[in-house]
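My request is simple: use the sequences and hints to build the entire structure.
Same order as they appear, the protein sequences are chains A and B.
Those letters in the first sequence? Residues 1 to 90, per our numbering, in order.
Those letters in the second sequence? Residues 1001 to 1879, per our numbering, in order.
To be clear, the hints were calculated from the coordinates, so they are not data collected in a lab.
It cannot be assumed that every hint is accurate.
[As the list claims (entries may be wrong)] Chain B side only, calculated, beta carbon under 10 Å to chain A, not exhaustive:
hint	residue
1	Gly1221
2	His1236
3	Arg1525
4	Glu1601
5	Ala1633
6	Gly1637
7	Asp1640
8	Gly1643
9	Asp1650
[Said to hold, decoys possible] Within a straight-line C-alpha distance of at most 25 Å, the following computed SDA-like cross-link-like pairs (lysine to any residue) qualify:
hint	chain 1	residue 1	chain 2	residue 2
10	B	Lys1514	B	Gln1142
11	B	Lys1514	A	Cys63
12	A	Lys50	B	Glu1796
13	A	Lys50	B	Glu1220
14	B	Lys1767	B	Ala1731
15	A	Lys50	B	Asp1094
16	B	Lys1514	A	Arg12
17	B	Lys1107	B	Asp1094
18	B	Lys1536	A	Val15
On a predicted model such as this, the values are computed, not experimentally measured, just so you know.
All C-beta atoms, glycine included, are put in the ideal place defined by N, C-alpha and C.
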Amino acid sequence: MLLIRCPWCGPRDEVEFRYGGQAGISYPSDPDALSDEEWADYLFMRDNPKGEFRERWVHAHGCRRWFNAVRSTVTHEIRATFPIGEEPPA
Amino acid sequence: MAWIEFEGRRVRIEAGDTVASALFRHGVRTFTRSIKSHRRRGLTCLTGDCANCLVRVDDEPGMRSCITPARDGMRVEREGGVPSVERDLLAALDRLHPLLPVGFYSKTFIRPRLAWTVAERLIRGATGIGRLPTGVRPRISQVRHLHVEVLVIGAGVAGLSAALSASEGGRSVLLCDEGEPGWLVAPGPTIERICSLAEAVQRAASITTLWHHAAVGIYEGPLVPLAGPERLVHVHPERVVVATGALESLQTFRGNDLPGVWLGRGAARLAGRHGLSPGRRAVIVAETAEALEHLGALGSSGSKLVAVVASDEIPAPTAGARVIRGGAVMAALGRRGVRAVVIRTERGSERIACDTLVLSTRRFPRDALLRMAADLPPSGEAVVGAGEVVAPGCSLDEAEQSGALAGRGEAVPISEPPAPGLGAEGLVCPCEDVSVADLERAWEEGWRSSEILKRYTTATMGPCRGALCGWALAAFARARGADALASARTTARPPARPVRLEQLAAGVHEVVEKRTGLHHLHVSRGARVDWSGRWKRPFTYGDWRDEHRAVRERVSLMDVGTLGKFLIGGPDGRELLERVLPCRVESLEPGRCRYVVVLDEGGYVMDDGILCALGDGRAYLTSTSGGAERMEAWLRGWADRWGLRAHIVDRTSALGAINVAGPRARELLSRLTDDPVDASAFPYGAHRHLTVAGVPCRAIRVGFVGELSFELHHPRSRGFELWTALEQSGADLGVRPHGLDALDVLRLEKGHPYLGQDTLPDDHPDKLGLGWTVAMDKPWFVGRVALQRMRELPLERRLVGLELDGDASSLRGMPLALDGRVVGRVTSCALSPALGRSIGLGWLRAVDGGFPQVLRAGSAQARVVPTPFYDPEGVRVRA
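In structure tokens:
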């Protein structure tokens, strides 16, 4: 099980968290201008890298707040967790 | 005086006894029968490594008697053998061994196929592996998680020393052991060292100790599960030090598994700790310096040392025993136990009468955990060994030094394990009765690598999981010239130590059971309570038809405290709701409420609920019972994404809710409140503050069941008084509670779908006939873009109301067929008491651009009809 550092509560067991998928997917500025394929791309298609991945987590059984994490999909190492809207430390 | 009950007899136990030592004192020499050949097996290792001493203790099979402390009143039985372990008729199989060659089963039972099903029963019955207890309620093991910086496995000299050095600087250290420090060690210099280190460990503040917890394996993470007597502990360390020590090698010679053949440390422990002499006349094979300690222990226990077969490095023992240099054991002879050994000497072979043969041989590392870690990059890099497990045969000082280095995370000197050859005869794997001859035969048949030999002969696959013989397959292959890959050690897999099935299942049962504040009240009213999602809810209080009638004709109560309940406020609270909900929020006046569906970005229905506008700009939102957690996370996710200053307060567990439903609901309520509840002051679609029986409530007038109803949301702590007041006050009205069984039919009569049961994950509101809940003229809401795109496409599936022939209450899940082609499925159905006919909901695919009207559901005809089935104009709910 992972030990995840909630930016507000500190390190907690993975069971306290829910996964929220890829982070940083921005809403299209003009969704009506998108083709069906582009729209479907925005809606359904997510990256699946081997290596570092930015993703959303929510501390569901704690402060219940969302935050972002940078996790390696190879080692499960979580390099950083940080509030929504911020950038990960380099 | 304490006793254990052993096969109907009473056996006295003394302080410090294990089950094995008590039985040995009692005269038991044969503890088990081997699996295939039914050979006698007696105590051998006394360290919990081999499978020779497995007994049944208090109906639990397969307990290692050598490490099970004897307790007063224990019931102990030996397992296997026909009729018993002591007199086993199947021992004749041993003489048939040449007729039962390696691979016998797979060669013999290929055809006919049926033969194997018969033979398997006979063979399995004959093995003598313990019977599982039946008719016993399984115990439920708990899982506990521990996060530490350093985990040290094994509390020997190296492990204790590693824990001490790892704890320097206040690092958190967990030290675990299958037993306790020094519990398997015979008196001598080792135990003195262990005691002084253990005292220091006791004093160290940052070391936690966990005795009687055996490491089962190492997994990615690293994650190390420890099997304890009552629970499983999942340890999540940053680093692991494996200090599991080493085990003397069981040399291969004829009769090497006879009772009376001991590993040196085992014999020394029996003599030194339990004061029992392993036998009257002992021959000892001394390959290590430690053998002298074993010699001393044996001598003081009263065994007469007949001969010492010593390698040249060992100094001559002072005892008067005869020393044979450069000799080797050729065979141990005897039937019930060792009667004599044959030693090869420079002058030829010599037979020496004795009843005990002690093998103080070179030690092999107990390295299963380390080898598991090696297969686990990169987690495995956090795992290092210390002491004998990486340097078998090292001295006490070296072990302590090695532990200190490993504890600090520094490199540890490693020495190669010994690489002896195998003898020409004897058993390689006692658990599975695999002999050297079996390996040779397999080799001749072309199975020429350690991994393949393992699979073909099943060597190392017995209960000890290769503890005694893990090294032998590789040594065998290497001696025959196999290359490095084909003579590598076989893959180590968990469990490294025995683990109970209940522990493998540990955690599976740990489901959070949610209960409303009225749970005990329901139980006391005779409710059948069962799972509904994560909640335990009443399904019926006896007869659901009776409950149904109460709702339709009188008045009834239902505990709906499971609903998700949220208070949404803050400067941007209304803005948040306006953006996420597909209905118009701004136009909802305070005191009014509205049914809402919640869409995801794909336009699919995620959840539904009731939105109430409060007077102060805040809103109260309910969700389905199962959707509460997701609803909250979802709302917060959007608020965070847009940076809205919205407060979302989860009131789900703080508030209870009771639905008072039925034509006489108003009458009942008016008896308990002074607030107006008449239709003009409190109409359908409104919500009010009511004080009912002194309990402050938010009452919501909506009608899932299709009758006049008031949903009373109240402080959870006051639910009991509210419910009982309603019950007592409504007694003359015939009030009674209804459960989920009745609700299922009530809502079906109104054509309300259950999200999840009647819907599919990609149902948008139009497919469910809920298009009216969506205000497409709003410029933006979550899911609008997708919905707009989908509305341009023809509807390919729809949820429809069905009328079915006969009693269709068992047709749920039945495919809907058109001319034999499946075009849909029944998702809900019931024989409606209110309508007197079978009704249902189901989804239907479009066929040739239209939706068929008449279908078959099994043998019944199903006609598509409009919903609601009951009170289509909604007169009753608006009353």
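(message) Could you work out which of the previously given hints the structure breaks and list their numbers from low to high?
(response) 3, 12, 14, 15
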